[in-house]
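For the sequence shown, the working numbering assigns the number -16 to the initial residue and increments by one for each residue that follows.
Hints listed in this document are in silico derivations from the structure and should not be mistaken for laboratory results. The model shown is predicted, which means the values in this text are computed figures rather than measured ones. Mixed in with the good hints, there may be bad ones.
What the hints assert, rightly or not - Cβ pair distances, simulated, as ranges:
hint, residue 1, residue 2, range
1, 900, 10, 33 to 39 Å
2, 501, 658, 53 to 59 Å
3, 264, -4, 53 to 59 Å
4, 264, 411, 54 to 60 Å
5, 466, 570, 25 to 31 Å
6, 90, 438, 47 to 53 Å
7, 570, 526, 19 to 25 Å
8, 466, 586, 22 to 28 Å
9, 90, -4, 27 to 33 Å
10, 466, 635, 50 to 56 Å
11, 304, 574, 41 to 47 Å
12, 526, 263, 31 to 37 Å
As the list claims (entries may be wrong) - The calculated EDC-like cross-link candidates involving lysine to aspartate or glutamate, where the alpha carbons are at most 20 Å apart (straight line), are:
hint, residue 1, residue 2
13, 833, 218
14, 833, 803
15, 177, 136
16, 3, 218
17, 177, 659
18, 833, 897
19, 3, 302
20, 833, 237
Each residue gets a CB set at the ideal place from its N, CA and C atoms; glycine is no exception.
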Amino acid sequence: MTADPLSAAPFRDPRLPLAKRVDDLLGRLTLDEKVAFLHQFTPAVERLGIAAFRTGQEALHGVAWMGPATVFPQAVGLGATWNPELVRRVGDAVSREARAMRTRDDRVGLNVWAPTVNLLRHPLWGRNEEGYSEDPVLTSALATAYTRGLRGDHPARWRTAPVLKHWLAHNNETDRSTTSSSVRPRVLHEYDLKAFRATVEAGAVAGVMPAYNLVNGRPNHVSPYLAEHLRTWTDQELLVCSDAGAPSNLVDSEHYFATHEEAVAASLRAGVDSFTDHGTDSSPITARLRGALEQGLLTEADLDTAVRRQLSVRFRLGEFDPEDEQAGATAAFDTPAHRELAREAAEQAIVLLKNDGVLPLASGTRIAVVGLLADECKLDWYSGTLLHRSTPLEGLHERFGAERVTFAEGVDRVRLRTSRGAFLSVPAAGDTAYGGPDAAGALDPALLTGRTDLPALTADATGTGTELALTDWGGGVLTLRAPDGRYLSVVGDGYLRASADRPGGWVVQETFRLEPHGDGHLLKHLGTGRHVCVCADGVKVADEDPEVFDLVVAERGEEAVARAAAAADVVVVVAGNDPHINGRETEDRTTLRLPEHQERLLRAARAANPATVLALVSAYPYAVDPHELPAVLWSAHGGQAAGTALARVLAGDVSPAGRLPQTWYATDADLPDLLDYDVIGSRQTYLYFAGTPLFPFGHGLSYASFSYTGLSAVAEGEEVRVSFSVTNTGAVTADEVAQLYGRAVAPSRPRPRRELLSHRRITLAPGETARLDFRVPLSALAFWDVSRDRWRVEPGPYELLAGASSEDVRLRTTLTPAGEPALPRAVLARGLAAAAFDEQRGAEIVDRTKRSGDAVTPAGGRTAELLYRDCDFGPGASGVTVEVSGAGTVELRLDDGPAVAVLSTTEPTAGPYDYVRLGAPVAAQGVHDVHLRLRGPLRLARVGFSGRGSGAAGRTEEARLRKASVPDLSTDPI
């Protein structure tokens, strides 16, 4: 037998340093092989014994899309635990299941795309369920814990290689591939980058995925921040994987580049290392890369950089070692420990929002559990297939006994009658076996719902048809369910069948809308946008001849709910959302309100029985009125153990200790525009919101009570040591989440009302006290000083606040660090970068060039106001210049005075990146606030000033000086 000639190759030798092994293997690859490596699905290189590889395996809260796996609570639910150690253990379990599943299915990837680090800035974001928190410190703590679990404990070999999503400032689904997030420097550094940075610096991250959106006018897939920030946070090679289809978007939807060759070249040079595009078909991407090489847009060295990063990940996963020690001993799947962890995580994620004493429930209580989610265990887009299932009804049966628990779902029971008097009828499934997805799963989760091997609906002119369960999920979006639990769906051939076990798929095919039409209704299928019609061969959707239906109601949901509620001691109304409907990836919500159908059920239960507990199970906050309810709880969709966990909390077996990871607002009027990313200027999140929230960030009640005492803070070098004690003054063992916040008392610039510095989740027996110590770096008190383009701790007093939420402060003390005094901006020497403003109104940051830099433009081409504080003109300025493109006017004022210079373009420049310099004389000395007013569709990149005595004012490109009359100055300045 001939020995493998490559077995002694340096890249096969685990004793060598990683860099040497990577370089050896890279040097053996041909140019064509390197090109092939850059697509998501990398082919095998048989001559080198290299297996095929794919980047990307969804693992947000369990291994997703690959069939049965342990399903943990949604990410926002894990965020509600405020427990990094628990989240680390969840990540550890997920990585072990990924390894175990890979041993039987090589489609399971080890480069996992998780966690999502995007901040939950706006609660109407459709993907709210995917993030941990609105706060960057809490988000980073939990993301770091999850990635450490995903990586595993081996010092050199990773169990899985986690990629953080989605870089950067990504918080809207509406037009997500064409909208630009305008992120000023302070928000960029203090908020959006901050969420990623600590996790990357912790060293357990394999890479990041850029988001679909643009930031400051430039697509994230060509973001200079990848090089300027991300790659400076670690010495480790990071793999940047594109989001699906995003490389093509650069040309097709964003029109940012004229050709795909330019687009892939710019992405690769910016730092994208793996292109996720066209599914498993790599040929379009590889052809574009070859074209870019032929056109001189890329060099082989550019390819080497990207391939090296990919190989570094594969080596860390142990792929090229003689024995992959991670694949065997560390693999575990659906173990008792994982099932117990799923239950523990679901329990710790439950937040008690209000309790007037009705909870916990006594063991002999007669309970009515009602509501659309009372017997549901919902999955979301990034869930695996359930191995085990526990609904609230099942959990309460198990805990209290089936004889003490009654149930009413609250759906409307209806029949649909055609204009000719026939009723829609669901044929029996016959001998066709019906069930969920098979154990092998599928890469396409859309395959998990509809089937075409079941008979289509018919119109029955002789009978009464089939009674359907109608649920209105809000905004008139309906689902219709047959008596055997199958949802009406449309798949493939356009026929209507009861063929889905749940709503799902990339385009949901199980939702409808009833549209008034004459004396009846048209039934519109939302997945296809077509109306339902009745044909000779069955019921189907079509573009013409829609059927007019009469909705015959057999029972309203509130009637069944009221009956059950009246016969019980306590009613538990389980309300919330279906994660595939009205708020999900590709679709933002439109309101915080609970859907009217569920409002009806809640009102009916409360009217029939004042002892009504509202249990919200949802992927996001709701604006509900808690005043007439004795108790309110919230949980994200809690995975396979959700029902058991809820029942144990209701029974008092576990004292709830989840805490809200984001602000719950009282009304839609409290929300900024979804596309307004300036959290400072528009006062967003608990950091800046000055109104009264429905429930504040960090809020959550307990069955115990806790006292806080003995707060002390001592500065030690570059950190502050903070200590305080927490005592359980209640009668039951319980967890408390002690939270430490800081705030600048008298800041010179807008600063957070308070911001989380650290926290600790602890378990205390009755009467037990814990002394908590925190070490907070002084840098945590810093803000991004736009005048210096760096962090600065401002001198003055800072309050340290300890308590049970951002609003429930129990202790406070004051610290006064020396800090770094403010200095005026030396504008004669440095000028003003347009985007480095202190305040703005009506402005939008855009790209200065396609490759780097920022400019400012009036939103919608109207008017923008910019303020730059404390600008030092020294002994005197004699001239001002502005670099602009487009067409419009720049007006300069000092302090509250009149305009001192007006600079205008008389006709548009050749393009958005074709800048001209305009100049005008100006007289200023000393320190002033500079106000700029921009009018019209122009871009301002920079403002410069020349000093007296230099003669510069007389040499300021007079040929480009545009004289114009002073425009209307009546608009209030900022």
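Against the structure, the hints come out as follows:
1. 900 with 10: 33 to 39 Å: The hint (33 to 39 Å, Cβ to Cβ) is violated, given that residue 900 and residue 10 are roughly 48 Å apart.
2. 501 with 658: 53 to 59 Å: Violated, since residue 501 and residue 658 (Cβ atoms, about 39 Å apart) do not stay within the stated range.
3. 264 with -4: 53 to 59 Å: violated (36 Å)
4. 264 with 411: 54 to 60 Å: violated (41 Å)
5. 466 with 570: 25 to 31 Å: This hint holds: roughly 29 Å between Cβ atoms.
6. 90 with 438: 47 to 53 Å: violated (33 Å)
7. 570 with 526: 19 to 25 Å: holds (24 Å)
8. 466 with 586: 22 to 28 Å: holds (27 Å)
9. 90 with -4: 27 to 33 Å: holds (30 Å)
10. 466 with 635: 50 to 56 Å: 37 Å Cβ-Cβ, so the 50 to 56 Å window is violated.
11. 304 with 574: 41 to 47 Å: Violated: the Cβ-Cβ distance is about 54 Å, outside 41 to 47 Å.
12. 526 with 263: 31 to 37 Å: holds (32 Å)
13. 833 with 218: violated (27 Å)
14. 833 with 803: violated (36 Å)
15. 177 with 136: Status violated; Cα separation ~25 Å.
16. 3 with 218: At roughly 16 Å apart (the allowed maximum being 20 Å), residue 218 and residue 3 satisfy the hint.
17. 177 with 659: Roughly 19 Å between the alpha carbons, so the hint for residue 177 and residue 659 holds.
18. 833 with 897: The hint holds at about 12 Å.
19. 3 with 302: holds (16 Å)
20. 833 with 237: holds (13 Å)
Comparing the model with each earlier hint shows violations of hints 1, 2, 3, 4, 6, 10, 11, 13, 14, 15; every other hint is respected.
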